[in-house]
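If you read the protein sequences in the order shown, they are chains U and P.
Residue numbering for the first sequence follows this note's numbering, beginning at 1 and increasing consecutively.
Residue numbering for the second sequence follows this note's numbering, beginning at 274 and increasing consecutively.
Just so you know, these hints were derived from the structure itself, not from any lab.
Do not take every clue at face value.
What the hints assert, rightly or not - Pairs of lysine-lysine, DSSO-like flavour, derived with a Cα cap of 30 angstroms:
{"#": "1", "chain 1": "P", "residue 1": "K476", "chain 2": "U", "residue 2": "K160"}
{"#": "2", "chain 1": "U", "residue 1": "K160", "chain 2": "P", "residue 2": "K624"}
{"#": "3", "chain 1": "U", "residue 1": "K90", "chain 2": "U", "residue 2": "K163"}
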Amino acid sequence: MDIFAFLYRGALAAYLVSTLTYLVSLFSRRVAPARIATWILAGAWGCHVLFFLGQWAVRGRNPFFGLPDSLSFFALVMAGAYLAFQFRTKTRVLGVFVSPAVFLLMIVASVGIGGPLTAPEILRGGLVSLHAMLSLIGEALFALASAAGLAYLIQDGLLKRRKASRLMKLFPPLRDLDRINHLCLLWGFPLLTLGIVAGAIWARTVWGSHWQWDPKQIWTLAAWLIYAVLLHQRLAIGWRGHKTALLSVAAFLVLLAALLVEQHFFTTIHRFN
Amino acid sequence: MNLLLLGMNHKTAPVEIRERLDIACTEGFSPLGEIRGLPGVEEALYLSTCNRVEILVRGREDAAVEERLRELIFRHGNLSGADLARCLYVYRDADAVRHLFRVAAGLDSLIMGEPQILGQVKDAYRRAVEEEATGIILNKLLHRAFRVAKRVRTETGVANHAVSVSYAAVELAKKIFGALRGQKILLVGAGEMSELAARHLLKHGGDRLFVANRTWERAVRMAAEFQGTAVEFPRLGEALREADIVITSTGAPGYIITGEMVAGALKRRQNRLLFIIDIAVPRDVDPRAGAMDNVYLYNIDDLQEIADENMAIRKEEAARGEEIVSAEAEEFRAWFDTLTVVPTIVSLREKAEAIAAGELERADTWLRNLDPAAREEAALLARAIVNKLLHDPMTTLKEETREGAARAYAAALRRLFRLDGTDGEQ
Chain U
1 MDIFAFLYRG ALAAYLVSTL TYLVSLFSRR VAPARIATWI LAGAWGCHVL FFLGQWAVRG
61 RNPFFGLPDS LSFFALVMAG AYLAFQFRTK TRVLGVFVSP AVFLLMIVAS VGIGGPLTAP
121 EILRGGLVSL HAMLSLIGEA LFALASAAGL AYLIQDGLLK RRKASRLMKL FPPLRDLDRI
181 NHLCLLWGFP LLTLGIVAGA IWARTVWGSH WQWDPKQIWT LAAWLIYAVL LHQRLAIGWR
241 GHKTALLSVA AFLVLLAALL VEQHFFTTIH RFN
Chain P
274 MNLLLLGMNH KTAPVEIRER LDIACTEGFS PLGEIRGLPG VEEALYLSTC NRVEILVRGR
334 EDAAVEERLR ELIFRHGNLS GADLARCLYV YRDADAVRHL FRVAAGLDSL IMGEPQILGQ
394 VKDAYRRAVE EEATGIILNK LLHRAFRVAK RVRTETGVAN HAVSVSYAAV ELAKKIFGAL
454 RGQKILLVGA GEMSELAARH LLKHGGDRLF VANRTWERAV RMAAEFQGTA VEFPRLGEAL
514 READIVITST GAPGYIITGE MVAGALKRRQ NRLLFIIDIA VPRDVDPRAG AMDNVYLYNI
574 DDLQEIADEN MAIRKEEAAR GEEIVSAEAE EFRAWFDTLT VVPTIVSLRE KAEAIAAGEL
634 ERADTWLRNL DPAAREEAAL LARAIVNKLL HDPMTTLKEE TREGAARAYA AALRRLFRLD
694 GTDGEQ
């Protein structure tokens, strides 16, 4: 087993342990396990970063192409962004959503990661890498925004119920969740936009036009529009809290459809693996 | 261990009796000095709070010590024998350790898990140390007690759940706003409970306080007291746009803050979260406000119910605290057992070394004929035999400590080697 496979499996195992520890925290309604889970998650992320850099720099493999590699990168960004928020705001139990998502992505990715990468001729070029990288970072941040949104909806429901609850004590404060949601949208949106633009420019050079009316493109555009509205409402109208949380969860479901579902139900030219 | 603990608390003794004893102890005499002076008492600790009086002593194993302590309490407390029998509890050794641990951890308190008692135990200990009333055992015991209290606080939720209305409000505010730094608080009306809640919120980081009252002078006076700003009562709607946390407790018969006022304020607040605490009866705030997005409205019954449920949670958590207490009490007993082991090992070694030295001295006449190097060799040989011989029993004795059987072995060794002097037979 070479060093990279070892790092990947190490990260995968640590993500699993972190997920289980977060679940212990959730079901025992105690914050102490979540504290430990965060450190395990940080360790897993460290392994994951080494794996990623190794693939990219040492092996010269493009780490944004192919379903396995792009899922792994998605998970990396999501976990990294979460850890960054975690160390600033102590929203510990949010990891209950993030850690399992990251673990599942890694499991799916592990099927083909490190395998041969057969990129078609049209995908050679820096612009395509940029398109994939920016879109993936943007989408991972949106995933985090929706996790924060989901936690917000749960906490909001608990506070509206007006009963003492250990779950309420376990979950992070509303405003911290709202802030994470806000920052993820604020950074994710321009990145996804740039990613789409980079893809459109590239499409022009290989297919002769910016836009192909491909199902994946349409779904992504729909999600992008929802996010545009959401961000506008946040910044210009001052939407906050419950409504934005709800909308960011809904928008991510649309994005998820664009990312995953259409791979199986539609034929698309935007499929290279 | 020869530990003896006598005491009475809020469960066993009515307040008249506790205070009589406490007054006598704080005014008339130094209880520690007097307890310490009793024959048979070697170490002592005296703890007195408004909910309990506890006397802990270590001394000779002697029924008379308890009798003397009872007599002392009887005399100073001005109590009848029947009172004393009814109110006083007596714990010995392991039970005394456990009781002290429970007291320090707040598990024996009127309000389960309250933290003040730990400070009071620490003060009592400090006084005992200043008066040189404690020794090796009580020092260790008290430090253990502080550690137990800390463990119970951090490892269980026994102290984590607000059990008063005002603290329940602070806890909720933290679940909404996170850190309370920078939050603006609006206090409408006056009242003991609402002022207490405002004080707690300010203490936990709340930033600016606005006070509205039907009587302008009163608003100004209260604002001065809290270093806040007075707001004219008719401008309540405007204040509602600014505030993050609103506490109301007026005596008004109807709603002071209507649903329309809140809805109007929400539009201007850009959906900032609003936490309204309505302590008034009848209620000051239209309950419809609670159904609006980003508004969290709690009335006095909600808060009281939360405080009560939290009390139930604390009681559940107390069971985990008791487990910690049991484990730590067991550990303390194990430490206590080593106390008998260590002196035994020391005296055994001393005796063996004395024998070796004595024999070498007796052999001095013929040893002198040897050259210095050989003489050194002979001395080393004698010591080596002693060390080898003692090594196994000592190791066994040290290992036994953990299983708690050390006392029996130590006793046997003391007797076999006559370590307690020549009359070890009796």
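So, going through the hints one by one against the coordinates:
1. K476(P) - K160(U): Holds: K476(P) and K160(U) sit about 25 angstroms apart, inside 30 angstroms.
2. K160(U) - K624(P): 76 angstroms, violated
3. K90(U) - K163(U): 24 angstroms, holds
In the structure shown, a violation is registered for the earlier hint numbered 2 alone.
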